[in-house]
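Residues per chain, in single letters:
Number of protein chains: 4
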Amino acid sequence: MPLWGSAFSKPTAELMKKFNDSMPFDRRWYAEDIRGSLAFARAIRRAGLINDAELKQIEDGLVQVRAEFETGTFDTLPVDEDIHTAVERRLTELAGDAGRKLHTGRSRNDQVATDAHLSMLREVATTRVLLFDLQRVIVEHAEQHLDVIVPGYTHMRRAQPVLWSHYLMSFFWMFQRDRERLDDLAKRTSMSPLGAGALAGNAFGIDPEQLASDLDFLRVYENSIDAVSDRDFVAEFLFDASLLAIHLSRLAEDLIVYSTEEYSWVRIDDAYSTGSSIMPQKKNPDSLELIRGKTGRVVGSLMSMLTILKGTPSSYDKDYQEDKEGMFDTVDTLHMTIPIMSAIIDTLSINPERMAATLDDSLLATDLADYLVRKGLPFRKAHEIVGLMVRDSLEHRRPLRAYSTTEMQTYSPRFTTDVHEVFDFKKSVEWRKSVGGTAPAAVKQQIERAKLCLVSAVG
Amino acid sequence: MPLWGSAFSKPTAELMKKFNDSMPFDRRWYAEDIRGSLAFARAIRRAGLINDAELKQIEDGLVQVRAEFETGTFDTLPVDEDIHTAVERRLTELAGDAGRKLHTGRSRNDQVATDAHLSMLREVATTRVLLFDLQRVIVEHAEQHLDVIVPGYTHMRRAQPVLWSHYLMSFFWMFQRDRERLDDLAKRTSMSPLGAGALAGNAFGIDPEQLASDLDFLRVYENSIDAVSDRDFVAEFLFDASLLAIHLSRLAEDLIVYSTEEYSWVRIDDAYSTGSSIMPQKKNPDSLELIRGKTGRVVGSLMSMLTILKGTPSSYDKDYQEDKEGMFDTVDTLHMTIPIMSAIIDTLSINPERMAATLDDSLLATDLADYLVRKGLPFRKAHEIVGLMVRDSLEHRRPLRAYSTTEMQTYSPRFTTDVHEVFDFKKSVEWRKSVGGTAPAAVKQQIERAKLCLVSAVG
Amino acid sequence: MPLWGSAFSKPTAELMKKFNDSMPFDRRWYAEDIRGSLAFARAIRRAGLINDAELKQIEDGLVQVRAEFETGTFDTLPVDEDIHTAVERRLTELAGDAGRKLHTGRSRNDQVATDAHLSMLREVATTRVLLFDLQRVIVEHAEQHLDVIVPGYTHMRRAQPVLWSHYLMSFFWMFQRDRERLDDLAKRTSMSPLGAGALAGNAFGIDPEQLASDLDFLRVYENSIDAVSDRDFVAEFLFDASLLAIHLSRLAEDLIVYSTEEYSWVRIDDAYSTGSSIMPQKKNPDSLELIRGKTGRVVGSLMSMLTILKGTPSSYDKDYQEDKEGMFDTVDTLHMTIPIMSAIIDTLSINPERMAATLDDSLLATDLADYLVRKGLPFRKAHEIVGLMVRDSLEHRRPLRAYSTTEMQTYSPRFTTDVHEVFDFKKSVEWRKSVGGTAPAAVKQQIERAKLCLVSAVG
Amino acid sequence: MPLWGSAFSKPTAELMKKFNDSMPFDRRWYAEDIRGSLAFARAIRRAGLINDAELKQIEDGLVQVRAEFETGTFDTLPVDEDIHTAVERRLTELAGDAGRKLHTGRSRNDQVATDAHLSMLREVATTRVLLFDLQRVIVEHAEQHLDVIVPGYTHMRRAQPVLWSHYLMSFFWMFQRDRERLDDLAKRTSMSPLGAGALAGNAFGIDPEQLASDLDFLRVYENSIDAVSDRDFVAEFLFDASLLAIHLSRLAEDLIVYSTEEYSWVRIDDAYSTGSSIMPQKKNPDSLELIRGKTGRVVGSLMSMLTILKGTPSSYDKDYQEDKEGMFDTVDTLHMTIPIMSAIIDTLSINPERMAATLDDSLLATDLADYLVRKGLPFRKAHEIVGLMVRDSLEHRRPLRAYSTTEMQTYSPRFTTDVHEVFDFKKSVEWRKSVGGTAPAAVKQQIERAKLCLVSAVG
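Chains as they are written, first to last, in the working numbering: chain A, 14 to 472; chain B, 14 to 472; chain C, 14 to 472; chain D, 14 to 472.
The following block holds chain A by itself, in its conformation from the complex (with noise of 0.2 angstroms):
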C-alpha cells in the first residue's frame, strides 16, 4: 500500500499506479533527496521532535541510502511511486520508527521544491562552467586569427570587410548575456521552500531560515503557499536555455554555411562529421545541425513548462510533476551541445585564401560614400552617387576600383586621384576604430575586455 493510502477503500489501479510514477525520471534527484532529508532530521531535532539517537539512526540511514544509489544496488520496489517515497521507505528499513518520524511537519511538496531547487542551482553552475569554456575556446582562436579579414554580411549579402575575429567575437557576447542570465536565475533560484509544509507552512516551529542556511540558500520564500507551488524558476531556465541554444544555432548555422563548399572559409574536422550510407564523398556537418535542430526541442520544452503553468489554478497540482522531464532533457541537451560545440571551434580550420577571394569592391562601397563625405558632400548625396556607380559597375561587370579618376568624376568632380587609396580592405577595417569596431586595434581592446569577463567568471 503506497504510505498516504489508509483512507483509500480501494488499491491503486494497475494503469494508475504506471501513471503515477515518477520513479523512473525523479531518482535523478537522489543525492538531493537525501540532502535535504539530512538537513530537516537536524531541523526537526532543533525542534524537538527527535531525539540525538534519532537523528543518528535517520543519518545513517540516509548516508546508506545514498550509498546505495551511487553504487547501483538500491533496489526500487513497486510501492516506491516516487524519489522521496522510494528514500523514506527504504530508510525506514534500516531506521524503524526513526525512519517514520523524518517527515514530521514536512509535506512531499516542500521536498519536491527543495530538491529542484537544490538540483537546479547544480546543473546552472555546470552549464557556467561549460559556457565559460567555449567562451575561452573562442577568445583562442580570435586571438590567433586577428590579421585575416572577410566580407561581413547583412541580410546574407556581402555588406562591409570585417576581421573574422570580430565576427567570431560578437558570439563571445551572446554567450556572456547568456551567463548573466543565469547568474540572475541562480540569485532568484536560491530561495529555500522547506519548512512551508504542504501549503500553510509548519506547526512545529521549525525555523526555514536555519533549514535554508543549513542548505546554503540565500533566502527562504516568504509564504508557503508560494513555496511549494513556485515554478518560475524552471520556466526561466528554459528560457534562459531556449536563448542560449539559439545563439549556439545560429553560430552552428552560420558554420554550416561557411564550411559549403561554394564558401569553403573553414573545414569541420573530421572528428565532427559524419559521411552517407549511399554518397561515398559526403562528409556532413551532424554535429552542428544536430546542434540546430536540438533547438527545436528546448523551445519546445519551454513552451511546453509554460502551457503547463497557464492552465492551472494556485497552489500545488499534480500537473507540476510534469516540470521535471522538459527540465531534465534540456539540461543534458544544453551539457552535450555545448562542449560539442567547444570541439568543433576548437579543432576549426580556416581557410585565409578562400576568404579572401570573396573580398571585393562593392563591399568598399561604403567606404566611397565616406570618402565624398570627407570631401563635403553630405552624406545622403554620397550615397546616391556611389548607387549610380555600383549600379553601372554591375551592368558592365567591372570592379569599382576599375574606374579611372575621371571617368568617376562624371558621377561628382569631388573624386580626385586620392580616391584609389580607398580600394584596400586593410584601411577599410581600420577606419572603424571606436569602441565596438572592427580595426585590428578596436578588436583587440574588445578581446581583453572579453578575458575580464573570464577571469571574474571564475570567482
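Errors might be hidden in some of the hints.
Any copy, or any two copies together, can satisfy a pair, since identical chains are not distinguished.
To be verified - Pairs of lysine-lysine, BS3-like flavour, derived with a Cα cap of 30 angstroms: (1) Lys30 / Lys446; (2) Lys337 / Lys31; (3) Lys69 / Lys388; (4) Lys457 / Lys200; (5) Lys31 / Lys446; (6) Lys464 / Lys200; (7) Lys439 / Lys464.
No lab work stands behind these hints: they were computed from the structure.
Every value quoted in this text rests on a predicted model; they were computed, and no experiment measured them.
Dock chains B, C and D against the given chain A, drawing on the hints supplied.
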C-alpha cells in the same frame, strides 16, 4: 569504423559518437526497418541486382535479426549508430556479401523515411482504437443517466438547464473530430518514399510503385527530394495529438471541478486518485491533473517540431533526427492518457442529489423571457424586463418563482398565472428539442447518431 | 446601456469597456454577421415568431446596414461592444420592434460561431486560389528550365546532380499537401452552429438543418454545447497555415542562399529587393526574409490559440474572444506572402553558367560506386572503395575524372576503361528514371501529374 | 524613389512596397527615433562632420518633426517606408543639406536598434509602475481581511485552513519576482548600439561611449555586429511578460472559481462583469476571462520571436522587422490587463460567511495527526491512523469532531479528551507561525516585509 567512413582521415570523436547516436531511441523501429528491408530485397531481386539465393540469404538473415530483437537477444555494438546501421551490420554477419548488397540503390534517407511512415501508420491506427473505446464509454455513461438535469455553464456561470448526458456527449463529438483528423493524416501518410535514394531517385530501375504496393502504401511520392525530406506528417500528427490532448485536458478540468468538495457532482474512483504524504484526508485527482499537465508536453513537442522544420534549408538535414523523440513521447503519452480517461469515466460515480441541488431559478431566466416572447413581446424587450426582475431577485435574495403573478405584472402586464409553469427544469430542457438540443428526445437521437459513428469506425 | 445590462446595478467601468471592446477587429465580419442574420430572420419567420411584414423590415434593415458598412458610412457608437451588437442596434433604429425580435432563440454564442465558420470558409477558399497560382508559377518555371542540372544538396553539402526543375518541383508537392489539408479543414468547418442558442439549443423549434442548408453548410453540429464552444477549426487553420508558412520559409531560405554572391545561381528581381540606408551597393532579399520571418508570427498565433484552448473549462468562455486577432493576422500574412512568393518565382532569373560551374566530380561518387555494383561488387564494398578514392582525391586536390584507369585499378580491378563514361552529369541524372526520380523523362512525367492537380483544383 | 534606390534598375513592386512597409506600426517610435537622432547630431558635430549652424538646423528640424507627430499633423508619404526614413525625409525638407548629413556614419541597423532599446526601457518602466500598483492593492486587501479563514487547496481539494490574506499574498511574491526579472532585463537592455553603423562600426571616430552617456544608457555594446543584431532583450521581455501574464491568469482562474455560484466566496463588481445577449440573469466575469485568454497571446508572441531568431544566420536580417508587432501587442496587453486586475481586486467583495461555511473537519486531519505526534507517535504511523478515521468518517458521513474520545481510542490509545481542542480552525492556523506560515502573526510579518518591497521600489 562506421559504414560510411572510408573517405575520412580521422575517427569520429567519442563525444560526437554519443551525440550522434540515435540507437537508444530509434531501435524502437526495428520491426518497420526490417519490414522495409524485406520489401526492398525483393525489389532489388526484381531489378536483377541480386539472385534468388542472395534474396533467400537476406530474407533468412532479416528474419533472424527480427527474432533477436523480439527475444531481446540482439547485441548492440558501439559501431551501431542507428537502427538501420545495426540491422545491416548484423545482417552482413549472418548473410555475408548478400547483406552487403541490400543497400544497393537505397539511402538511409529513403530508408528512415519509410520506417517513419510505416510506424506512424501503426501508431495512428492504435490511437484510433483507443479513441473509439473512450467514445464508447462516453456513450454508455450518457445512455445510463438520461434523466439527470444539471446546470449548463458558460463562463463558469450557471446558464441554462441541460441533461448531464448532453453535457458529456459534447466531448464525444470532439473526439469524433479527432478521429476524423487522424483519418485524414493516415491518408496523407500512406505515401511511400522508398526508391527515392539519397534525394535524386535510384539508378537501378527499382520501381517505387511496386515497393509502395508491397508495403501497403496507397501512393508514392511524386518527387524524390520531397520524399526524403517530408516530415509534414510528423508535424500534423503532433498537431492532431495536441488538439486531442486539449480535449482530454478540458474534460479533465471539468471533472476536477465537478468533483471538488464544493460541487460534489461526481466522485473519481479511489483507484484513480492518490493521497498526500502529510494530509491523511486527501484524495487528489492526480490522474486528471496528469492528463491536463501532459497536454503541455504534447503542445511542446509540436512547437519543437515546427521550430526544427522552420529553420532548415530544403532537402534532408540532420536536424530531422530530432523528429523522433517528441513523436515517441507523444505516442506514449496518448496511449496512456486515453485509456486512463476511459477508465475514469467508466468508474465515475455521479451524485444526482447534489446535481439537483444546484438547479436554481436564475437558470430559467431565459425561459421567462421566452414566455414573454410567446405572449407577443419582442425578445429584446423581454430580456430587459426579466433582467430587472433578476436584479430585484438578487438584491432581495428571493428566487424568481417566489414572486406572485401580481408582482410580476408590475414588470409586464403580459404575465398571467400560467407563468409559473415556466419554473420546471424538466420542461425547460424539453423545449429545446431541435437537432443538437438538450431535450431528452433530441439527446436520444444524438446518441443514436453517435452510435453510427462507432459502427462505421470498425470498418 | 449595453443590451444585456438591465440586471446590473452599476455601469461598466470605462477601462473595462475598452478592454472588452472587440468592434475594432470583429467589424471585419460585418458581411458574415448580416448574412447569418438574414438566414436567421427567415428561420424565425418559418417558426412563426415574426410575420411577413416584420421579416421584410428586418431584411430591408439588414441590407441597409450592410450598405452602410460597404460605403464606410456606418456610425459606430460607444455602446457597440462588438459587430453583433452594432448590427442589432442599428437594425433596431431602422426596423423598430421587428429588429428587437431578431435575436429570438439566438445567442451571441451561436451567432459568433456562425460568423467564424462562414468567414473561415471564405478565407480558406481565397488561400487555396493563391496557392493554386503559386503552384502554377512553379510548374511554368520548371517546364522552362528542364535542361538545367545543378548539385542536389543534403546537409547543405553537394550530394548528387539533379535537374533544377526537379528541385523546384519538390515545393509543388509541399504546397499540394497544404491545399489538401485546407480541403480537409473546409470539410470540417462546413458545419453550422446556428440554432444552438447559448448552449442548450433553442426553445422555439427553429430548425438548425434548414438554417445550415440556407447558409450552404454541409452539416449541423450534433450537440449544441459543442456547437457554441468548438474552436478546433481555428486551431486547425493556424496549424495548416504554419506548415504552409514553413514551406514558404524553406523556399525563401533556399532562394536567399542561392542568390548570395557566393552561389549566384539566381537573381531576385530588383522589384522585390531593397537597399541599405548606408551601403550603396546592397540589394537585400527583404521580400524573402520577411516571408521567412513572418513564419514565426504564424507559428506564434498557433501557440497562442492552443494555449487559450488548453486553459479553459468546457463550453463557451470569454477567452475565445482572443481567437480572432491571431486568425486575422494569419490570414492577412498568408494573403500577402503567397502572392509575393509567386511574383518572386515569376520574375526570378537563373544563371545556368554559375549552376554548371558548381557541378564537380564528387557529385558522381555514388555513380562511381554504382558502376562497381554493375560490375558485380556488393554495394557496401563499392562504397568503401570509392570512399578511399575520394579521400585521396581530396588530399591531392585532384578531381576523380583525372585518375587514369590504371590508377583506379589499384583500388579495384573491376575498373575498366568504360569507367570514364561515369563522369557525365547528364547521364547521371538520366539513370534516375523511376517514378519521382530526377531523370528528364521522369521530371516531365512529374510535371504532367502536377498539371492534373491544377486542373482538378479548379473544379 | 526610396533613399537607398540609386543602384536599382527597377522600381519596387507595389505589392512589395506594402509588404515591406513598417510605418503603420513603427511610427509608434517617433519620439525615440528623434531622441536618438538629436544625440547623433551632437555626436557628428563633435566628430567635426557638421558645423554649429548645421547642428542648429538639424535640431530645429527634428524638434519640429516631433511636434508634427505629437499634434497629429505629420504627413506620411508613400515613400516613407519606416519611421526612420520618414523622419529623415521630413527633416531634409526642413533643413536641406544639413538633414542629408545626419545619417553620416549611421545605418538604419544601429538606428533601429537604438530606438528598440530606448522604447523597451520606457515600456519596462511603465510596466513596473503598474505592477507596483497591483501589489499595493493586494497588500491593502490582505491587511483588511486578516481575520478571515478559508480552506487552502492543493489539487483543488481542501487541504488545510489558511488565512484569506495569506492566500492572496502568495500572488504578491509572484509579482515581486516579475518586477525583479524586469529589473534584470532593464539592466541588460541599457546598452547602447549607436555608433555600430551597419555592422562594422563607424569610420568617422564617432564615439559610442559618449553617445551612450547622452542617451542615458549604462553601457555600450562591445562588438558592433552584436550591437546591430542583438534582439535577446526583446525575447527576454516577452518571456518576462509571459510569466507575468501567467501569474495574472492563475489569479484570474482562482477568482473565476471563487466567484462561481458554487463557491460564492467573492463577488466581481458589476463594473467589471458583463451580461448575456440571451440569458437575462448572467453576470459573466469577462474581465478575468479576457486576462486569462490574453495570456495565450503573450506566450504566442514569445514563441513567435524565438522561432524568428532561431531560423536566422547571424548579423542583421530583415526577419527582425517582425520583432515589433508582437512586442507592441504584448506591451499593450500588459498595460491593459494589470490595471484591470488592480481594479478588480480593489472592488472585490468577499463573503466571509460563505468562506466559513466551507471549513470542514477534514481540513484538520493533519492537525489530528500532529496531535498524535505530540503524544509521541511517529508521524508516518499517525498519518496512517488518521487516514483510517477519515475513511470511516467518509463512509458514515460523520464529521471527525463528532467522534467521542472513546471511539477515537479504538484507533489509538494516545487520544485523550484534549483531542477535541484540535477542532478549532483558528488554532490550526495559529500553529503555523514560522516565517512564511499562515498564522496571523506570521502573515502580519509577511505583509510588513512586502511593504518594504513597495518602499524600495519607489526609489
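Verification of the supplied hints:
no., hint, result
1, Lys30 / Lys446, "neither (66 angstroms within a copy, 36 angstroms between copies)"
2, Lys337 / Lys31, "both (17 angstroms within a copy, 23 angstroms between copies)"
3, Lys69 / Lys388, "between (86 angstroms within a copy, 22 angstroms between copies)"
4, Lys457 / Lys200, "between (33 angstroms within a copy, 26 angstroms between copies)"
5, Lys31 / Lys446, "neither (64 angstroms within a copy, 38 angstroms between copies)"
6, Lys464 / Lys200, "both (24 angstroms within a copy, 21 angstroms between copies)"
7, Lys439 / Lys464, "within (25 angstroms within a copy, 55 angstroms between copies)"
In the structure shown, a violation is registered for the earlier hints numbered 1 and 5, in ascending order.
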